Every structure is written in C-alpha cells, then in structure tokens.
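Asks: So the sequences go chain by chain: C and G.
For the first sequence, this note's numbering gives the first residue as 1, with consecutive numbering after it.
For the second sequence, this note's numbering gives the first residue as 1, with consecutive numbering after it.
There's no promise every hint is true.
Which residues of chain C face chain G? A few of them, derived with a C-beta cut under 10 Å, are [said to hold, decoys possible]: (1) 27; (2) 70; (3) 173; (4) 179; (5) 183; (6) 187; (7) 188; (8) 211.
It should be emphasised that the hints constitute simulated quantities derived from the structure, not laboratory data.
Fair warning: this is a prediction, and the values are worked out from it, not measured in the lab.
Backbone N, C-alpha and C fix where the C-beta goes; we use that ideal spot for every residue, glycine too.
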Amino acid sequence: MKKIATGNKAVAEAIKQANPAVVAAYPITPQTEIVETIADYVTSGQLASRYIPVESEHSAMAACIGASVTGVRTFTATSSHGLLYMHEMTNWAAGARLPIVMANVNRALGPGWNIWAEHTDALQERDTGWLQVYVATVQEAYDATLMAFVIAEHNDVLLPVMVNLDGFSLSHIMQPLDTVEPGDFIPPLHLPHAIDPKNPTSYGGLTGPNDYFRFRWDIERSMRDSVKVIDATQKEFAKRFGRSYGFTDDYRCEDADVVLVSMGTFGKEAEVAIDILRKEGIKAGSMRLRWFRPFPHLDLAGKEIVVVDRDYSFGSGGILAHEIKAQTKKDVYSVIAGIGGQEVTYDDLADFVRKRRMGTEFWFGVNTNV
Amino acid sequence: MDIIAEIPKEEYVKKCTSACAGCSSSLNLRYVLKAAGPDTVLVVPACCTSVIQGIYPNTAMNVPVYNVAFAAAAACASGMSNAFRQAGKKTNVIVYAGDGGTLDIGIQAMSGAFERGTDFLYICYDNEAYGNTGMQRSGGTPMGARTTTTPTGKTDAKKDIDAIIAAHDPPYMATTCSAYPQDVFKKVQKALTFRGPTFIHILAPCPPGWRYPTEKTIEMGKLAVKSGMWVLYEREYGKLTINAPSKAAMKKPIPLEEYLAPQGRFKGIDAKTVEILKQRIQKNLQRLAAEEAAP
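Bound conformation, chain C alone (with noise of 0.2 Å):
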C-alpha cells in the first residue's frame, strides 16, 4: 500500500507487521515517534503486542531480554545516549544469543546537548555482537526492520539486529512509502534454547575461561554465518516485493577511478554529487555502506578511495575508514563530515571527492587537514 510516512512511522509499520509479543521502550528525541506510534497501535487494538514502558534504555533492553528468553519475539528502539545506557544490556542480549530487533536513530551525544544526526552512537556498539545496518530512504527502514526479524531469528544466526537511521535527516523526513502484506516472510519464531520450567536449566551463570572461549567463539561463528543468511534474506525479499538490495548500495562504481563510500543519508546525497563529478569528466562512484557488521567484503580494487566519516573515535581516526584501510590496506582519503548534524551539500560531498588527498583526514567546517 503506497503512502507518505516519517522514517520513524515507517519502522513502526514494519512493527506493526512484524507482530512483537513484547515491546519494551523509553522516550528519547529523535526516535520517540517509533514508540509513541507503536504504543497507538497496542492502545488502539491494531498491535496484539505487550508495551513495557521502562523507566530506562537499560531496563528497556532488560526487558526484551527477560522476554525473549520465553521465546518470544521482542523488538525496542533507542538514541543516542539511550542506546550507550543500555550498552551493558546490547551486550548481554548479544552474549545471550537473543534475536532482538532494536532501531537507533542516530544522534551524536553531549556534551553539549545536540539531537542531531552522527553515526557514533552505534558505532561505539560495534563490538557487542549485534548486527548492524543502517538505512538511507523510508522505505529501506521499512524494508530493512522486516527483513531484521528474519535475519536475527534464523536459527544459524540467533544474534540481534539494529537497523539505524539518521536522526531528523531519515527520522522525520516524509518520503513515498510502499508498505506489503509480509505473509510468511517472517517465520514464526523459534528459539531452541527458550526458557521452558518443564526442562529447568541455568542460564548464564559461572562459566570457566574455556567454556567462556567457546561461547565468544561461536557468537563470531554465527556473525560470519550471518553473511549467507543476510544474502538470502535480502534475495527472498526481493523476489517476494521486489525491492533488491546488497551489503552495499553501489552507485556508478564499476568504471570509477573513486569511490566515495558513506553510510546513512550521505549515500544518497553522494548519487547527486556522483553525477555532477561525472559531468565535470571526474568518473566517481558512491558505495554506501549498508551492514556494518558483519562487515562486508568491499570491492574496491584499483580504485581511489575517499571516506565520508559521520563518526569518530578520539585519538585514532575516522571508523568507517579504519574498517576500510584495515580491509582494502590501502590509504584512503578520510572526510570527517556531518556529526552533530552539520550541514553537508552534495555539493560538498562532491569538493570532497574534487579535491582529495590520498593518505589524509580532513575535518569539514573546521578546515583542518592532517
């Protein structure tokens, strides 16, 4: 059914058709439309699901934990300093092989106080054990909180999945919106190692360092599997509605000389740029960056690479590009653009590209090369 939805209403839908037995979730600008929105559904006898209004991200993840444990499926959305509160418990869902679907609208954190778009939220998560995508349109946030459902619940993966979207730049910007009738897309859930009295068992308790091992082991056994299980899901979808999408958005890459790779909104932005580059005889291309983690294969051989970071670890760099210079082991040229919310053109993003220097960081706004 084709209509007009904010980013945020358009992952409510798919929640709405995901059918989550259990919700649990805490207010934080820019993702509080997610909840308010599915909490009207649960009011309003639209959504069968059970609404746990926490009074904290740690509690809210707590409580899909405690929930999905009895085998049900649980779903939360979070932001920014919401999603660092809770860093405790996205590690503990992942350690517990718990497929929980969480969005995070990304959002940079204080201080000072900004509710803006920075992609460092999520990425300071990269190391929990959730996998992680992150969207471009309403309909790709759409698409990819169905799709979430059944990647984290197969049963060679059994980790959970956060799909994130810019804050305001996706959250509460209305785009066209085709919603589907998911039928048996998403199978119903089952968990082989729910909680059941009838079979008492512990779970998490005292683990020696080899058991320990093991288990850390195959958490990265199922992310790798995750690979083939993200391909076939996304192939599935394709066929069934007729959207296709990759581990990447590739746009004019096959014949580039450069390539701007991104992640979030700025992909699509960098399409525009791409062609302006193209009609100046500069033969651009644009990856966006879908999945985070796993991290994918990038196909950037014999290419110059330029990196468009809205995120940054102190001390160290860019992390979109540390991930690519530790794949590609190649120097790039590293944009450290747009967090906070700053205002980044296509225009912009093309200069970037115009006027690159291989081997070095460049701090937009601030004019700072290093």
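Let chain C serve as the given structure and place chain G on it in line with the hints.
Replies: Using the frame of chain C, we list chain G on its own:
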C-alpha cells in the same frame, strides 16, 4: 494446620551448591522454591546466588534460573512476566536478589517494575553487605558494622527499603528471616497468590560477613528478631500485621548487646553508636505498632 507437614519434600536446590558453610541464603532459597514449586523461573542478578547455584555446565538448581546483569533483574523479570502472560502462561517469575542488587544498583529497575504493576515476586535476601565480592558496605549495612570498605564501622544508617517499597503500594509485602523457615515458606506461598508486584525482604545472616561461627546461623537470625533489630511483619493491601515473634520481642526485647556481641563485624563498636541503634529500633517499633493499631 501444621506448616511443617505442609512443606513439600521436593528439593529444588540440590545438595551440590557452592555456598559457604552456614550460608543462610541458600537455606532461604530452598524454602522459597518449595513454596513456589516447579512452574517457576528465578531471575538472579549478580549476587551470592550467582555462585551458589554452581558452575557451568552444572547447576544445583532444579528450576530455570536466568542470570542477568546487576542492575537489570527487575526489568528482566518485567519482560519475562509480560511474555509469559502474553502467552497465557502462569509461570511464577521470582527475582532473587541480594541487598546490593536491591537497595543500591537495582533500585531504579525495581521501582519501575513495581510502579508498572509487574506480575512478579521480588525477593531481597539481605546479608547486609556485598558478600559475593568480599563484604563491602551496601545500603543494607547497619550503622556500626565493619565491612571491608568501612573498616572502622559504617557511620550511616541502613536504608529502609521496605518503606520505599511500601510507597509503591504493592498488594503484598513482607519481611522474614532465614531463622524462621516456616515463615519464609508461608510468606512466599502467600505472595504468589496475588496478581501484581509483591515483595519479600529476608534477613540472611552470613557467617563470613558477620563473623560468627557457622553453626550459629539460625541463632543469629533469632537474636536479630528478639532484639528488635529485625521485625517480622506483612502488609496486605496496605494493612500491616506484625508477626508473633516480633510481637513478643516488642513486649520483652533482649538487650541489643546480645545480638551485637557474637558478631565480629560489631567488634569495638562504641557506646554512642549502640545507643543510636537502640533509639532507631525503638523508633521503628513504635512506628510499626502505630501503623498496625491505626484503623
């Protein structure tokens, strides 16, 4: 009816725990689970019970135990209870948490779960210190007690968590003590008949923490009640009933010194602190007696 005859013979805490000798909290757990029965899930935050239950892949527990992070027990139980109820299951969800996990780090999640009317039983077993990490002071440590972080004795008073819980107006709340296992059994059984959040606060004497000989674990609990340091009562829909052992103690208490003297943690306590403790006992007993007498 003879309550001892009523207590089931089934054991849900097997004889292979890694509890310290003379541990009263494992004794509590035994009676808690006898009262709750097999259709029960325990939610356990970091506390002595994290260790007592045994090391993976073994467990001494014959009900499912969900171990969770220190601050998260009540919220985790909240999600679990909602999920069970949504699935039409009546499974008891019981948080079994220490004083640190209840009075200190877990208080926010607990308050939230009570405010939201979560259908669960929250049990705080209170050994008045962080026992699992080596006896550091907690909000439950009484004034004058030496811990590894109050080497000359705690200067602050014990936090009145029961008053905080009472402010949430749960349908049922009670205090009890491991020295009265029938009382523990009876109160857990009763709590589980209510819908909504219920609370039981169990005083759990701790030989290594309180520094008394292991064989005196029951005696220590009785002395706590007889001196008035611990009061056994229950509050049903807000109506307070002080239980018989504490009624007797209110009429004719033993001197507080008889409770303090056998415990190494109170060694060298000064007369002024003892006097403050006595005044606080009096004030607490008068407050409870007045509440019980109120129409």
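Asks: Are the hints correct? Go through all of them and say.
Replies: Hint check results:
| no. | hint | verdict |
| --- | --- | --- |
| 1 | 27 | violated (14 Å) |
| 2 | 70 | holds (4 Å) |
| 3 | 173 | violated (32 Å) |
| 4 | 179 | violated (25 Å) |
| 5 | 183 | violated (22 Å) |
| 6 | 187 | violated (18 Å) |
| 7 | 188 | violated (13 Å) |
| 8 | 211 | holds (6 Å) |
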